[in-house]
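Okay, so the sequence shown: first residue is 103 according to our numbering, each after it adds one.
These aren't lab readings, by the way, just hints derived from the structure by calculation. Given the structure is predicted, the values throughout are model-derived calculations rather than measurements. Positions of the beta carbon are idealized from the N, C-alpha and C atoms, including for glycine. Mixed in with the good hints, there may be bad ones.
Pair by pair, the computed Cβ-Cβ distance ranges are [to be verified]:
#	residue 1	residue 2	range
1	E206	K433	17 to 23 Å
2	S203	K348	37 to 43 Å
3	T396	K348	32 to 38 Å
4	E259	K348	35 to 41 Å
5	H332	K452	29 to 35 Å
6	D197	Q273	21 to 27 Å
7	R279	R163	40 to 46 Å
8	R268	A159	31 to 37 Å
9	D205	T447	36 to 42 Å
10	A148	K390	28 to 34 Å
11	A148	D197	15 to 21 Å
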Amino acid sequence: MIEAMTPKERRQALLSGQELDRLPIEFTHNSIVSKLNGQNYLQGQASADSIADQEIALYQRYCYDHLNVDYGLNGLGRALGSRLLDFPDSAPAVDHYACASIDEVLGLTFSKAEIAKDPNLFKLYQACQKMVKVLGPGAIIQFEIPGPLTALTSLMEAEYVLRALRRQPDQIHQALRIITNLFKKMIEPFAELGVFFWISDPVASTSLISPKQFKLFCQPYLTDLVAHMHACQSSVILHICGNTVKILDDIISIGVDIFSLDEIVDLSLAKDHLGHSVCLLGNVAPVKTIYQGTSSDIREEVDDCFTKAWDSSKGFIIGPGCGIPYATSEKNIEAYLSACLAGATTYAKKRNRILN
103 MIEAMTPKER RQALLSGQEL DRLPIEFTHN SIVSKLNGQN YLQGQASADS IADQEIALYQ
163 RYCYDHLNVD YGLNGLGRAL GSRLLDFPDS APAVDHYACA SIDEVLGLTF SKAEIAKDPN
223 LFKLYQACQK MVKVLGPGAI IQFEIPGPLT ALTSLMEAEY VLRALRRQPD QIHQALRIIT
283 NLFKKMIEPF AELGVFFWIS DPVASTSLIS PKQFKLFCQP YLTDLVAHMH ACQSSVILHI
343 CGNTVKILDD IISIGVDIFS LDEIVDLSLA KDHLGHSVCL LGNVAPVKTI YQGTSSDIRE
403 EVDDCFTKAW DSSKGFIIGP GCGIPYATSE KNIEAYLSAC LAGATTYAKK RNRILN
């Protein structure tokens, strides 16, 4: 009988191929956490205390492994002059971009996004501080940032960025290098708190760019960023939305510890391509199943994910294929987490028997 582990102990055991009490459970809940605590999204994000308190309350109510503090896909844009629209039930969207061209991006004062000058970033840091203080070193608190290419689309419209990949590749590389270096500096104070990192990079999906463009404009900068996170003693999760089948082999060279898969990617295929090198996370359909499905649908898909990937060589974490919608009922959230806990316990026992 394995004694109960802290989330950090559980992740370390998983990544190092040791026995564990149960498999980890991911609950990608950035927008819905406020609703589950009786607030709307804006209220939940109003202050460092509100961010920390809602995360702590939900973590203590349910059984999952990772708390999230989200810089936001448009966080860099907010800091550098893009005008954002805030909504009560979702993350903000860009209303007006800071730049109309890649040349304008290169003229920005990127130091404005550093923690000493960006009040939003400092608020997130303070939230992490409080969570670490309240929950202690055994909890996994993840600071979520966008990948460099995705961050660039918060400064200028995605259509213009994608066009510039072809027409102005040198300037794109300059911008991505600046953003990568900025993010490397940005994460350091969080790492000193013992915080881990999650990179979300939806624009890196081959639903939007070609595999060749991924290798040119995403892979080098993600690799550099991940290496710096590792140097800061943090484990790293990378999530790329949409279809990543054509770049699964390239993910290995980036060096992430855990790769989070969109629902569109079959876990069996991902296990064959990545499982020998990278821990897999996913990929219960957040809309079709967790939001729209019945409790039976949820249990069935959670078990299907476990069946496909529980024995992946570098480990498996059950989780949604992307963020869970704000409108999801608490009944369905509880059904999802209950099914995850049952499977995480059952399949950990199977895994432990193999290890022995």
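Tested hints:
1. E206 - K433: 17 to 23 Å: At 48 Å between Cβs, range violated.
2. S203 - K348: 37 to 43 Å: Because 30 Å falls outside the window, the suggested range is violated.
3. T396 - K348: 32 to 38 Å: 34 Å Cβ-Cβ, so the 32 to 38 Å window holds.
4. E259 - K348: 35 to 41 Å: 25 Å, violated
5. H332 - K452: 29 to 35 Å: 30 Å, holds
6. D197 - Q273: 21 to 27 Å: Cβ of D197 to Cβ of Q273: about 25 Å, so the range 21 to 27 Å holds.
7. R279 - R163: 40 to 46 Å: Roughly 43 Å apart at Cβ, these two residues keep to the hinted range, so it holds.
8. R268 - A159: 31 to 37 Å: 47 Å, violated
9. D205 - T447: 36 to 42 Å: 55 Å, violated
10. A148 - K390: 28 to 34 Å: 32 Å, holds
11. A148 - D197: 15 to 21 Å: Since A148 and D197 have Cβ atoms about 20 Å apart, the given range 15 to 21 Å holds.
Violated hints for the displayed structure, listed by number in ascending order: 1, 2, 4, 8, 9.
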